[in-house]
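K.L.:
What follows is the residue order along each chain.
Protein chains: 2
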Amino acid sequence: MTSERLLLGPGPSPVSARVMRALAQPVLSHLDPEMMAILDDMRRRLDWIFGAGEGALSLAISGTGTSGMEAAVANVTKPGAQVLCVVTGYFGDRLAQMFERYGATVARVDIEWGRACDPSVVERALSAAQYDIVAVVHAETSTGVLNPVQEIARLATAAGALTVVDAVTSLGAMPLRTEDWTIDVCYSCSQQGLGAPSGMAPLTFSARALARKVPSRSFYLDLSLLEDYWVRRKYHHTISAPLVYAVQESLAIVEEEGLESRWSRHRRNHLALAAGLEVLGLSLLPPPPERLWTLNAVRVPEGIDEAQVRRRLLDEFSIEIGAGLGPLAGRIWRVGLMGAGSTSSNVLLFLTALERVLSSMGYRRAASASSSAVTAAESAATN
Amino acid sequence: MTSERLLLGPGPSPVSARVMRALAQPVLSHLDPEMMAILDDMRRRLDWIFGAGEGALSLAISGTGTSGMEAAVANVTKPGAQVLCVVTGYFGDRLAQMFERYGATVARVDIEWGRACDPSVVERALSAAQYDIVAVVHAETSTGVLNPVQEIARLATAAGALTVVDAVTSLGAMPLRTEDWTIDVCYSCSQQGLGAPSGMAPLTFSARALARKVPSRSFYLDLSLLEDYWVRRKYHHTISAPLVYAVQESLAIVEEEGLESRWSRHRRNHLALAAGLEVLGLSLLPPPPERLWTLNAVRVPEGIDEAQVRRRLLDEFSIEIGAGLGPLAGRIWRVGLMGAGSTSSNVLLFLTALERVLSSMGYRRAASASSSAVTAAESAATN
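Chain order of the listed sequences is A and B.
Each residue of the first sequence is one higher than the one before, starting from 1 at the first, in this note's numbering.
Each residue of the second sequence is one higher than the one before, starting from 384 at the first, in this note's numbering.
Here chain A stands alone, though its shape is the one from the complex (with noise of 0.2 Å):
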């Protein structure tokens, strides 16, 4: 039997029992009627959840949120096209990555690890040059930054471009909404916002996007395969009905909870997430206005040995953080508070542990404040 961890790193999140009971269903295969019964309501769910628009197709690919990235950008690609990319963190650079191979042109808008994209930057970019398509990222999971999708889009719809959205960490735990922001290619994953195991992408093409869909190169990803088997009930692949049952059970989930209340939830933990870590001295690395709900980076201490804390919470608390990735990597801890995992006694928890971690290794500030990091955590969440 694998160990049960605390997942609070940068996905995947906790997987309630409810999903997990879920997830051990009998196994269907992906043509019986009780399928595509099941897929018919995901279309639905997966529709309402990203606030999809009049015409759109919402579906889920099968395979990870990256597989939905290529998803996204295989079915939307003509090689040549002029493909402006916001980068702000590794999977910005990722998709800027994934559009070269699909034969795009790109021009990058690379800002500083750690922050935000400023609207006016994007602006000037779609003055200088005409583009085809405008990518970015919601939430970037390598450095917990927010970017500000709802201008860019607008902005990128003004300037006649379709505009890309990577949601992996924002779906289900922060506002998103595709339909009225003008996004026209967005796509997830099922273990971060949602609380599925990972595994299947939610993906969804606005009326616009489907208007513009090119040849895919890719077969497994092609959109109109995809669709053919979806909607029409035509062979493409055998889908994971264990996935299917999850995601779909995790759907339900956010619709019981109500998509403003997840949002909410998610913001109260992360606020009092941060409450805690300013009394213990630690720092998060965005400014708070561009800060995640949902992944929280956390600059490592002059003088902590990082990877060395990340062990002992997994050691001996079976707490899981994440790393730092490409130019972070040493500097930040990433502290997930998404879906079932975003609790505030996770909070109080996490804090807890590292506390003593940092403390035994000697960590001053932790150690003076060591009682009112939970208080203020408390404090913040309960504001």
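A few of these clues could be false.
Under 8 Å between C-beta atoms, here's a sample of chain B residues computed to sit facing chain A [unchecked claim]: (1) M384; (2) E387; (3) V398; (4) S399; (5) M403; (6) L406; (7) V410; (8) D415; (9) S445; (10) W564; (11) P580; (12) S581; (13) I622; (14) L626.
DMTMM-like cross-link-like pairs, simulated, lysine to aspartate or glutamate; straight-line CA separation at most 20 Å [unchecked claim]: (15) B/K617 to A/E306; (16) A/K234 to A/E257; (17) A/K234 to B/D476; (18) A/K213 to A/D47; (19) B/K461 to A/E100; (20) B/K617 to B/D423; (21) B/K617 to A/D93; (22) B/K617 to B/D415; (23) A/K234 to B/E689; (24) A/K234 to A/D32; (25) A/K213 to A/E179; (26) A/K78 to B/E483.
Hints in this document: simulated from the structure, not taken from any laboratory.
Heads up, the beta-carbon is just placed ideally off N, CA and C, and yes, glycines get one too.
Using the hints, position chain B against chain A.
P.N.:
Same frame as chain A, but now just chain B:
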């Protein structure tokens, strides 16, 4: 709760309670030390089940068998590559399409659906032109046909080509040895012979294939990035823990049973089914030496509504069998006996259920021979 089906279609095959229990273990993240140990164990087990040689790389793609097919193609196909593709059914045709999407020039060896490819046809093609790659489906799931992969791979290797083999419906159920048979790239899926749910695609590249690897246009299926993750523990995608657990457990079950015992079991139950069907006056599409042990293509008798038979088996017995694909739609049923589903009890239950349904629909042969189908099956199984 979804219905409990007896999955006797072209896949997925039944998932045992043991594999379901493994699936439901606590979710580990993709970089947890315990997960990395599981992946190391899986690589060893995959090397073993494929019969991979020194210097091979075996891992599993995070997607269905179709993603395995695309990964195989994406990592060895340069634009302009000359590919000889044997097409004996729907999946051979899909394989040819996949190579074309990745820019290859594909010469097809088209064989009548329901028959295997004679190696001499490949031999002639190889002597007439130079090919970089020879591709063939081992177990053609659409027609129930076994192709002589060992002979074809020997010819391809002698001609200097890489051999790409689809083992979706043979791995773990029918003889297949990649090193001994000089197969360079071989992929399969989790939900047929292995008996796990769908969602992962075991894949192996020989040392020779690795030496001829080309830059992958797909990011998600890029073998170099996948190797970075599986071997060097560098993040590429968030592997699905439940699927990993299920595949690992199914590989452990195969190892415990023993590959040769497992092959014998599949052969015995296939022969029992064929004997029983014969007594019912039903015939299989391929001639005996070309038949799969995993998937039986049963000709629909004259005057019988094939869809109604499938629907009644599902509604009255909760037994799933498959329909024909492409030119075989309406002309065959596809009856799978794979993995945990290949048992003598399933053969007897299926024959009994089919006979009842057919006889109630006025099928004459079934009514007259009802008691001896089961006897014939039992007798074939013990011979």
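K.L.:
Please go over all the hints and tell whether each is borne out by the structure.
P.N.:
We went through each hint and held it up to the structure:
The criterion of a C-beta within 8 Å of any C-beta in chain A is met by B/M384, whose closest approach is roughly 6 Å, and the hint holds. Restraint check, B/E387 versus chain A: the minimum CB separation of about 5 Å is within 8 Å; hint holds. Annotation: interface hint on B/V398 holds; nearest CB of chain A at approximately 5 Å, less than 8 Å. For the restraint placing B/S399 at the interface with chain A, the shortest Cβ-Cβ distance is roughly 11 Å, beyond the 8 Å limit, so the hint is violated.
Here the hint on B/M403 is kept, as its CB sits about 6 Å from the closest CB of chain A, short of 8 Å. A hinted interface residue such as B/L406 counts as satisfied when its beta carbon comes closer than 8 Å to some beta carbon of chain A; here the least separation is about 6 Å, so the hint holds. Here the hint on B/V410 is kept, as its CB sits about 5 Å from the closest CB of chain A, short of 8 Å. Taken as an interface hint, B/D415 checks out: its beta carbon lies about 7 Å from the nearest beta carbon of chain A, inside 8 Å.
Checking B/S445 against chain A: minimum C-beta separation of about 6 Å stays under 8 Å; hint holds. Violation of the interface hint for B/W564 is found here, the shortest Cβ-Cβ separation to chain A being roughly 26 Å, above the 8 Å cut-off. Checking B/P580 against chain A by beta carbon gives a least distance of about 5 Å; that is within 8 Å, so the hint holds. Given the 8 Å rule on beta carbons, the hint for B/S581 holds: about 4 Å separates it from the nearest Cβ of chain A.
A least Cβ separation of about 7 Å between B/I622 and chain A falls short of the 8 Å threshold, and the interface hint therefore holds. The beta carbon of B/L626 comes within 6 Å of a beta carbon in chain A, closer than 8 Å, and the hint placing it at the interface holds. Between B/K617 and A/E306, the direct Cα distance comes to roughly 17 Å. Compliance with the 20 Å bound is thereby established for this hinted pair. Taken as a hint, the A/K234 and A/E257 pair is broken in the structure, with Cα atoms around 34 Å apart against an allowance of 20 Å.
At most 20 Å may separate the alpha-carbon atoms for a hinted pair to count; A/K234 and B/D476 meet this at roughly 16 Å. For the given pair, A/K213 sits about 19 Å from A/D47 by alpha-carbon distance, which is consistent with the 20 Å threshold. Taken as a hint, the B/K461 and A/E100 pair is honoured in the structure, with Cα atoms around 17 Å apart against an allowance of 20 Å. Our distance criterion of 20 Å between C-alpha atoms is met by B/K617 and B/D423, whose separation comes to about 14 Å.
Using a Cα cut-off of 20 Å, the hinted pair B/K617 and A/D93 holds, with the two alpha carbons roughly 16 Å apart. For the suggested pair B/K617 and B/D415, the alpha carbons sit about 12 Å apart, so the restraint of at most 20 Å is met. Distance check on the hinted pair: A/K234 and B/E689 sit about 17 Å apart at the alpha-carbon level, within 20 Å; holds. Distance hint between A/K234 and A/D32 is fulfilled; the C-alpha atoms sit about 12 Å from each other, no more than 20 Å.
Annotation: proposed proximity of A/K213 to A/E179 holds, straight-line Cα distance about 18 Å (limit 20 Å). In summary, the hint linking A/K78 to B/E483 is supported, as the alpha carbons are separated by about 17 Å, within the 20 Å threshold.
In summary, the structure is inconsistent with hints 4, 10, 16 from the numbered list given earlier, while agreeing with the others.
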